[in-house]
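Chemist: Position chains B and C against the provided structure of chain A, taking the given hints into account.
Chains A, B and C, in that order, give the protein sequences.
Going by numbering that gives the first Met the number 0, the first sequence runs without a break in its numbering and finishes at 231.
Going by numbering that gives the first Met the number 0, the second sequence runs without a break in its numbering and finishes at 241.
Going by numbering that gives the first Met the number 0, the third sequence runs without a break in its numbering and finishes at 233.
Honestly, I wouldn't trust all of these hints.
What the hints assert, rightly or not - One-sided and incomplete, this derived list gives chain A residues near chain B with beta-carbon spacing under 7 Å:
1. Glu223
2. Glu224
3. Leu227
Think of the hints as simulated: they come from the structure by calculation, not from any bench.
Just so you know, even glycine gets a beta-carbon here, dropped at the ideal spot from N, CA and C.
So you can see what is in the structure, the chains are spelled out below.
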Amino acid sequence: MNKKPVVLLVLDILSLVFLAVAAYLALSFAPMEVNMGNVQKVFYFHVANAWVGMLGFIAAGVAGIAYLRSQDPKWDIVEVAAVEISLVFFLIAIVLGSIWAKPVWNTWWTWEPRLTTAAITEMIYLAYFMLRGGIEDPNRRGRFSAVYTLVGAVSVPITFMAIRLFRTIHPVVIGSQTSQAQGGFNMSPDMKVAFFFSLFTFTVIFVDLFWHRIRLGILASKVEELKLKVME
Amino acid sequence: MNEKTGSMIDVRKLVKRFGMKTILRGLDFQVAQGEFVALLGPNGAGKTTFLRILSTLSRASLGNIRIAGYSLPNQASQVRQKLGVVSHMPLLYGDLTAEENLQFFGRMYNIGNTNQRIGEVLELVGLAHRRRDLVRTFSRGMQQRLAIGRAVLHDPEVMLFDEPHTGLDQDACDMLDKVLRDVAARGRTVVMTSHDLGRVEDLATRYDVLSKGVISASSRKSDLKNGNILTFYKNSLAVHDG
Amino acid sequence: MAEDKNPTTKPGSFLKAVFAITWKDLAAELRSRELLSAMLVFAMLVILIFNFALKLDARTRITATSGILWVTFTFAGTLGLNRSMAIEKDRGCLDGLLLAPVDRSSIYFGKLLSNLAFMFIVEAIVLPLYSLLYNINLFNPGLLLVILLGSIGYIAIGTLLAAMAVQTRTRDVMLPILLFPVVIPVVVAAVEASGGFLQGLAIAEVSYWINLLLVYDVIFIAISFMVFDYVVEE
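Excised from the complex, chain A in its bound form:
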């Protein structure tokens, strides 16, 4: 697998093209929202990035289980790729969320269940990389990472439910529970176009980056192999 496959090249180009189109749709094509103004447009990419973060999260969980059952190092590479990508996309989603929140609610952060859960997931990812950093043996590193991925994958949904329950009991002073205060609004058909195209675009970008990252991981392990051969 030395040369980049044609499909991947096509995917690269498509990703860039779609991203440009999605940006146009979100910024120009979609109408301005009545209450929040232009800053609402952040929403299109914000949700799309969170969506991709979720995809990565699920992919990591699946890869973890696959690794434990097969002990095949390829699954470990897939798992790391998924976690890395999910980490970055959730981060972008969180930042975009902050950008949206500040003008609308005059606060950089809301302890809203989804946002808080995303932040906790980021902490789990950071713990994941610290765990990997502290283990020399590749087999043990793979096993422990997979176990922690599984633990994280199960605990995050439960965390989300707990926080949501928490919020129902402690409504935040920032706003009432109306959809307006939650940042909700009704989407016009044009907005829906921009929204779904964003989701689609970022899914394509996810697949593209995921593929690239897995190739990178495989290459890295080949380099390790060659290094050891030379040293022997």
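Modeler: Chains B and C only, in chain A's frame:
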């Protein structure tokens, strides 16, 4: 026992990799019942790795292993019942007495007649007078002897020793050797790794050399040319290097 | 991957091994008392610091109590978990446990029970102490139930993660980093339910939290014991 070859330990084409590094490369190793094999070899050759695999503490990457008639890794539990393992760490709990340590392991191995057995074992290793003392007050030599006691508690057929003389002074080593002889005398199959050729010369019935991931030489004590173990060892390494 | 079950190992010996491990931990700790004293001193220091950090008047004290208690238990708990596993790792004793002809999960359950016992002992001392210092009655059956369920969930996943953490280079720091993000549901539920009981709420109002704790406990005991093999075997 393995029906085909009658070996107590039967290892074929054992491969062990750590990530990209291959430590054991298609190692073959058969031990008949009652043999006392001294496993020699330079540092880093893989002796400890090999012993850990035989002890079921580590898994082989490839190969077939049968011990006392059971195969690894599928029948690891049965194998463990037949194995007694002593490594250079005593694997004992310092805050418990000798008796309590043995009681604990007795329960883990589900032996009957625990108190009587504990008494027998403490006699065997010469620690009956320290039965009620905390293990952290024991010298290293005494801890090693108690460790052997722990290892024979469930009357295993196969014993594995990984450098048991490490860190012991002359007297302690002599006492350890006495225990080793007693243990081996009961028809047990023993594999012992060691750096101390002199000690091993007396105890073992067979010498194998593990070098570069395989058994590079094997000789029964009685077959030893020149009768000199040191020459045998050096030759086996030289041959393998060349 | 778990190997086939040994046909000659009776189910009785599994339980025997579990209780042997628990007994061994408790007996050793009774002699040295290192673990318990560390946990207790730490817990009391945390409570002391809170006294100065959060100026609490009589009213806010009640609402803050459940939070303070759970922060205390969470942090003291990691000390106990770390110590308990470190003992096995340091003298290579974990190998001794792995050599025994029993299922690996017996090690998990044995450790789970002894870690729980240590946590309960610390809680049993901290609660009356806190009651005295802040003049709040903490002998509330609802509160005790929450402490029971919360501790079980915390220790269930904590035992698994401690077994991993102790095998890494940065071992002492590793456990809290791994544990805290995944134990948040327990903390949230326990603090809410404890607070509810202390304020005299009816059980129906805190039932969601109790249920969440129960669900968490069951799920994480199950997951931990299923994957424990992968964490201790090579």
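Chemist: Against this structure, judge whether each hint is valid.
Modeler: Hints and how they fare:
no.: 1; hint: Glu223; verdict: holds (6 Å)
no.: 2; hint: Glu224; verdict: holds (5 Å)
no.: 3; hint: Leu227; verdict: holds (5 Å)
The structure shown violates none of the earlier numbered hints.
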